[in-house]
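Generate the whole structure from the sequences, applying the supplied hints.
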Amino acid sequence: MHRVAITGLGCISALGNDVASFWSALKAGQSGIGPVVAVPHQHLNIKIAAEVKNFDPAQHFDEKRLLLLDRFSQFALLAAREAVKASGISFKGDLGRETAVIIGTGAGGMNTLEDAYARLHGHNGSSSRQIPLTIPRLMVSAAASHVTMEFGVTGPSFAVSSACSSANHAIGEAFWMVKTGRARAALAGGSEACITLGTMKAWEALRVLAPDTCRPFSGGRKGMVLGEGGGVAVLERMEDARARGAVILAELAGFGMTSDAGDIVQPSDAGAAGAMSKAMQDGQIDPGDVGYVNAHGTGTMANDATETRALKLAFGNHVRKLMISSTKSMHGHVLGGAGAIELVAATMAVHEGVIPPTANYQRPDPACDLDYVPGTAREARVDAALSNSFAFGGLNAVLALKRAA
Amino acid sequence: MADIAERIMDIIAKEAKLDRARLTLDTRLDELKIESLDLVQILFAIEDQFDVYVPYNDESYKLETLRDVVDGVNRLIAEKQAEATGKG
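Chains as they are written, first to last, in this note's numbering: chain Z, 1 to 405; chain D, 1 to 88.
Certain hints may be false.
[Stated by the list, open to error] Below 30 angstroms or equal to it, Euclidean Cα-Cα: the simulated BS3-like pairs (lysine-lysine) are:
(1) Lys-80/D with Lys-47/Z
(2) Lys-27/Z with Lys-321/Z
(3) Lys-201/Z with Lys-33/D
(4) Lys-14/D with Lys-80/D
(5) Lys-62/D with Lys-80/D
(6) Lys-201/Z with Lys-80/D
(7) Lys-33/D with Lys-17/D
(8) Lys-27/Z with Lys-47/Z
(9) Lys-27/Z with Lys-64/Z
(10) Lys-27/Z with Lys-53/Z
(11) Lys-14/D with Lys-33/D
(12) Lys-64/Z with Lys-53/Z
(13) Lys-62/D with Lys-17/D
(14) Lys-33/D with Lys-312/Z
(15) Lys-201/Z with Lys-14/D
(16) Lys-201/Z with Lys-47/Z
(17) Lys-64/Z with Lys-47/Z
(18) Lys-64/Z with Lys-92/Z
(19) Lys-47/Z with Lys-17/D
(20) Lys-53/Z with Lys-92/Z
(21) Lys-321/Z with Lys-17/D
(22) Lys-278/Z with Lys-321/Z
(23) Lys-201/Z with Lys-17/D
(24) Lys-62/D with Lys-33/D
Keep in mind the hints are simulated off the structure, nothing from the lab.
Source: prediction; values computed, not measured.
In structure tokens form, the structure reads like this:
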């Protein structure tokens, strides 16, 4: 068994196109939620989202390559480039053959799919002829493939899809690969880009989108806000990272997963608590050593009350000493990419000793009676942290981090 | 108006798989124990049939009985008609 170091991070989200801008916005409690730009408002009842801003794909990819890249693949590539550069890792020689690439996504190439349907069924005259690259752009594994090609790494690579837990499942599996020696290093994360007319309307119909903003764990919360973006972490053996003198941002110490086997949309406290407990057991972390939980915290009535009960089940009395925040209040719900973006937040929190707040918090809700770090970031050195992802369909995945010694 | 009430009760019975004969204007919503997914189907059907938008988590609607639901839909229809007239 090997200990696993996080030596590089990359992310793109509504809070900025790199980790530095993301982290400074989180620490300032700034929300990236605003009026939707990608979808005309006359079609929408819910008119807000957390969209990536100031992103021109042509500045990052040449024209020929861009033809192959759905927006979700672009996000994954941008995040991977940043993470690899930051880590200083080189994939030359044997390491490239022993590096895994696992990227989670809930929907894959939704923009490509929707464009294809518009072409097929659209009001401006339908066409039975599709753009030839539709399939390779939309497949859920496209982002993983493009990341392998970007760096020439030839180890195990695939996509993971488990709705809003996709990224945590991807990162957790990659972590276990490195831990058990099945891979020597990994690029792991998640990406999602589905702020499209079709997706917005479908989420609206499910009646879980907030019309105002995302207020996790707060009284008066009205639901989630769709976000988009991607995140990637460089995982490598602790001894390799130390040998090459890399900066170790945190130790990825544990992964736990459960399924509720209950309901396709309603969450279960027992399932969520089980995943948290398993992550701590896997990482040999005493619940009393955990100082921070980056919550799933979607801002829906059901999730936040259930997650609060789950935290009580998993932590017992220690739950009153935990700092819990939902950074979705700022970067929105990035669905299959959420766990990757939130791992960046949790890793930076452990690394820097600053706990990002839950933004937009208004007042206590009796069903949510813990310390959610409302409004303002807090300086606090924590020994261990969890990052929660719980998906529709009851698929729970939790990552556990330790501060680098 | 009576017609709207009948149509709403038809929708609720169908989507929540309830005995239509059980439903009256005085039936309390909490007695029906409607599951969340059935609820979103009911709201979808109401929006579709009456061409209105049912706002999400709007605290100005106090929904306790089916009469409250019918009154709420009537209010949405009236608001929509007023808006259309206003725009002239």
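Hint check:
no.: 1; hint: Lys-80/D with Lys-47/Z; result: holds (19 angstroms)
no.: 2; hint: Lys-27/Z with Lys-321/Z; result: holds (21 angstroms)
no.: 3; hint: Lys-201/Z with Lys-33/D; result: holds (27 angstroms)
no.: 4; hint: Lys-14/D with Lys-80/D; result: holds (26 angstroms)
no.: 5; hint: Lys-62/D with Lys-80/D; result: holds (20 angstroms)
no.: 6; hint: Lys-201/Z with Lys-80/D; result: holds (20 angstroms)
no.: 7; hint: Lys-33/D with Lys-17/D; result: holds (11 angstroms)
no.: 8; hint: Lys-27/Z with Lys-47/Z; result: holds (26 angstroms)
no.: 9; hint: Lys-27/Z with Lys-64/Z; result: violated (38 angstroms)
no.: 10; hint: Lys-27/Z with Lys-53/Z; result: holds (19 angstroms)
no.: 11; hint: Lys-14/D with Lys-33/D; result: holds (14 angstroms)
no.: 12; hint: Lys-64/Z with Lys-53/Z; result: holds (23 angstroms)
no.: 13; hint: Lys-62/D with Lys-17/D; result: holds (24 angstroms)
no.: 14; hint: Lys-33/D with Lys-312/Z; result: holds (27 angstroms)
no.: 15; hint: Lys-201/Z with Lys-14/D; result: holds (24 angstroms)
no.: 16; hint: Lys-201/Z with Lys-47/Z; result: holds (10 angstroms)
no.: 17; hint: Lys-64/Z with Lys-47/Z; result: violated (34 angstroms)
no.: 18; hint: Lys-64/Z with Lys-92/Z; result: holds (26 angstroms)
no.: 19; hint: Lys-47/Z with Lys-17/D; result: violated (33 angstroms)
no.: 20; hint: Lys-53/Z with Lys-92/Z; result: violated (34 angstroms)
no.: 21; hint: Lys-321/Z with Lys-17/D; result: violated (46 angstroms)
no.: 22; hint: Lys-278/Z with Lys-321/Z; result: holds (20 angstroms)
no.: 23; hint: Lys-201/Z with Lys-17/D; result: holds (26 angstroms)
no.: 24; hint: Lys-62/D with Lys-33/D; result: holds (17 angstroms)
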